[in-house]
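Trainee: Each chain is listed here by its residues.
There are 2 protein chains.
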Amino acid sequence: MVDILHRVGIKTPTPEKVYHALTTVEGLAAWWTDDTKGSGDVGGVLEFRFPSGGVDMEVTELRPSERVRWRVADGPEEWIGTTINWGLHQSGDYTIVLFKHEGWQEPVEFMHHCTTRWGSYLMSLKSLVETGEGAPAPRDVEISDWQ
Amino acid sequence: MVDILHRVGIKTPTPEKVYHALTTVEGLAAWWTDDTKGSGDVGGVLEFRFPSGGVDMEVTELRPSERVRWRVADGPEEWIGTTINWGLHQSGDYTIVLFKHEGWQEPVEFMHHCTTRWGSYLMSLKSLVETGEGAPAPRDVEISDWQ
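Chains A and B supply the protein sequences, listed in that same order.
Heads up, the first sequence is in the numbering used here, so the first residue is 1478 and it goes up one at a time.
Heads up, the second sequence is in the numbering used here, so the first residue is 1478 and it goes up one at a time.
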């Protein structure tokens, strides 16, 4: 099992705005993908659609301003059985996001791509909270021939 | 042991410019850090300095337009004993960079940070080759309170 790990710091006085951006359809649509639907409550399913495909996430844990967990319910074959774990804590002027996409079977080339892709979306989340404007799909930054 | 993996695609007709940016002091200084010195030949040591510290890389393998390997000779404690492996191949209009920072002892918070940081510098490398302008330290993109 291999994991994708990231850490970003978002300049904001409390984790509240970041938590909102991770747990509401409106927030998620503003940094990950325009085409977001579903429910962000525990037990709910969030449906994310991209020009190249989509993923459904079951929300398995919510601790306000501290933790968000998703289980991949449907999506790319390599994502089935993986989980996404968002940890938040405040450090001075920054909300620190510790991100883990855990449980990949193999470090395949697609996993390399997803690492870079998540990093780019985390920068979009940072920009959304700091400036009010993210770069969700389909207006996301091109990182390669795989978009 | 855990690894940082990334994949970027750089729009350029051959891997030549990317290879140049990974193996010459001038090229490295234009996307990673302004303060780059040393020798990019096999057995040589490249010295990279940042406002927050530095790292020395021994060049252990070069295969023109295909592969570059570095061994961390000196740097952050967590980096000692790790290696950097750059794989290049052409896919249509893109040079694909498969990046691995291998051999971390533990998935510590600093490793999460370095994953995001490498992603940001890989985007700087992409920008350098595609537009002629990268974002090396100290003009790099801020990703957190750890810069």
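It should be emphasised that the hints constitute simulated quantities derived from the structure, not laboratory data.
Here the structure is a predicted model, which means the values were calculated and not measured.
You may find that some hints are simply not true.
DSBU-like, lysine-lysine: derived pairs with alpha carbons at most 35 angstroms apart [to be verified]:
1. A/Lys1514 x A/Lys1488
2. B/Lys1577 x A/Lys1488
3. B/Lys1514 x A/Lys1488
4. A/Lys1514 x A/Lys1577
5. A/Lys1494 x A/Lys1577
6. B/Lys1494 x A/Lys1494
7. B/Lys1514 x A/Lys1494
8. B/Lys1488 x B/Lys1577
9. B/Lys1488 x B/Lys1514
10. A/Lys1488 x A/Lys1577
11. B/Lys1494 x B/Lys1577
12. B/Lys1514 x B/Lys1494
13. A/Lys1494 x A/Lys1514
14. A/Lys1514 x B/Lys1494
15. B/Lys1577 x B/Lys1514
16. A/Lys1488 x B/Lys1488
17. B/Lys1514 x A/Lys1514
18. A/Lys1577 x B/Lys1488
Just a sample of chain B residues kept apart from chain A, beta carbon distances all over 12 angstroms, derived [as the list claims (entries may be wrong)]:
19. Gly1486
20. His1589
21. Thr1593
22. Glu1610
Some, not all, of what chain B presents toward chain A, calculated at C-beta under 7 angstroms [as the list claims (entries may be wrong)]:
23. Leu1482
24. Val1485
25. Thr1489
26. His1566
27. Gln1567
28. Gln1582
29. Pro1584
30. Val1585
31. Thr1592
32. Ile1620
Glycine included, every Cβ here is placed at the ideal spot set by N, Cα and C.
Trainee: Evaluate each hint against the coordinates.
Mentor: Verification of the supplied hints:
In summary, the hint linking A/Lys1514 to A/Lys1488 is supported, as the alpha carbons are separated by about 27 angstroms, within the 35 angstroms threshold. Restraint check for B/Lys1577 and A/Lys1488: the C-alpha separation of about 29 angstroms stays at or below 35 angstroms, so the hint holds. For the suggested pair B/Lys1514 and A/Lys1488, the alpha carbons sit about 33 angstroms apart, so the restraint of at most 35 angstroms is met. Distance restraint check for A/Lys1514 and A/Lys1577: the Cα-Cα separation of roughly 22 angstroms lies within the 35 angstroms cut-off, and the hinted pair is therefore satisfied.
A C-alpha spacing of about 20 angstroms is found between A/Lys1494 and A/Lys1577, which places the hinted pair at or below 35 angstroms, so the restraint holds. For a cut-off of 35 angstroms, the pair hint linking B/Lys1494 to A/Lys1494 is broken: about 42 angstroms separates their Cα positions. Distance restraint check for B/Lys1514 and A/Lys1494: the Cα-Cα separation of roughly 42 angstroms exceeds the 35 angstroms cut-off, and the hinted pair is therefore not satisfied. At most 35 angstroms may separate the alpha-carbon atoms for a hinted pair to count; B/Lys1488 and B/Lys1577 meet this at roughly 20 angstroms.
The hinted pair formed by B/Lys1488 and B/Lys1514 meets the criterion: a straight-line CA distance of about 27 angstroms does not exceed 35 angstroms. For the given pair, A/Lys1488 sits about 20 angstroms from A/Lys1577 by alpha-carbon distance, which is consistent with the 35 angstroms threshold. A distance of roughly 20 angstroms separates the Cα atoms of B/Lys1494 and B/Lys1577; the hinted pair therefore holds under the 35 angstroms criterion. Distance check on the hinted pair: B/Lys1514 and B/Lys1494 sit about 19 angstroms apart at the alpha-carbon level, within 35 angstroms; holds.
Between the alpha carbons of A/Lys1494 and A/Lys1514 the distance comes to roughly 19 angstroms, so the proposed pair stays at or under 35 angstroms and holds. For the suggested pair A/Lys1514 and B/Lys1494, the alpha carbons sit about 42 angstroms apart, so the restraint of at most 35 angstroms is broken. Only pairs whose Cα atoms come within 35 angstroms are accepted, and B/Lys1577 paired with B/Lys1514 is accepted, the gap being roughly 22 angstroms. For the hint linking A/Lys1488 to B/Lys1488, the alpha-carbon distance of about 33 angstroms falls within 35 angstroms, and the restraint holds.
Between the alpha carbons of B/Lys1514 and A/Lys1514 the distance comes to roughly 51 angstroms, so the proposed pair goes past 35 angstroms and is violated. In summary, the hint linking A/Lys1577 to B/Lys1488 is supported, as the alpha carbons are separated by about 29 angstroms, within the 35 angstroms threshold. For B/Gly1486, the condition that its CB be more than 12 angstroms from all CB atoms of chain A is violated, with the nearest at approximately 3 angstroms. Not every Cβ of chain A is farther than 12 angstroms from the Cβ of B/His1589; the closest lies at roughly 4 angstroms, contradicting the non-interface assignment.
With a minimum CB-CB distance of about 5 angstroms to chain A, B/Thr1593 fails to clear the 12 angstroms threshold, and the non-interface call is violated. Listed as a non-interface residue, B/Glu1610 keeps its Cβ farther than 12 angstroms from every Cβ of chain A; the least gap is roughly 16 angstroms. Because the beta carbon of B/Leu1482 sits about 4 angstroms from the nearest beta carbon in chain A, less than 7 angstroms, this interface hint is met. This hint holds: B/Val1485 has a C-beta 5 angstroms from the nearest C-beta of chain A, less than the 7 angstroms allowed.
For the restraint placing B/Thr1489 at the interface with chain A, the shortest Cβ-Cβ distance is roughly 12 angstroms, beyond the 7 angstroms limit, so the hint is violated. Below 7 angstroms, beta-carbon pairs count as interface contacts, and B/His1566 has none with chain A, the closest being about 11 angstroms; its hint is therefore violated. For B/Gln1567, the interface hint is violated, the least distance from its beta-carbon to any beta-carbon of chain A being 11 angstroms, above 7 angstroms. Interface hint at B/Gln1582: violated, since its Cβ lies 14 angstroms from the closest Cβ of chain A, which is beyond the 7 angstroms cut-off.
The closest approach between the C-beta of B/Pro1584 and any C-beta of chain A is roughly 6 angstroms, which is under the 7 angstroms cut-off, so the hint is satisfied. With its C-beta approaching chain A no nearer than about 9 angstroms, B/Val1585 sits outside the 7 angstroms limit, and its interface hint is violated. Of the supplied interface hints, the one on B/Thr1592 holds, with its beta-carbon coming within about 5 angstroms of a beta-carbon of chain A, less than 7 angstroms. The beta carbon of B/Ile1620 is positioned within 7 angstroms of a beta carbon in chain A (closest approach about 5 angstroms), and the interface hint is therefore held.
Checked against the numbered hints above, the structure breaks hints 6, 7, 14, 17, 19, 20, 21, 25, 26, 27, 28, 30 and satisfies the rest.
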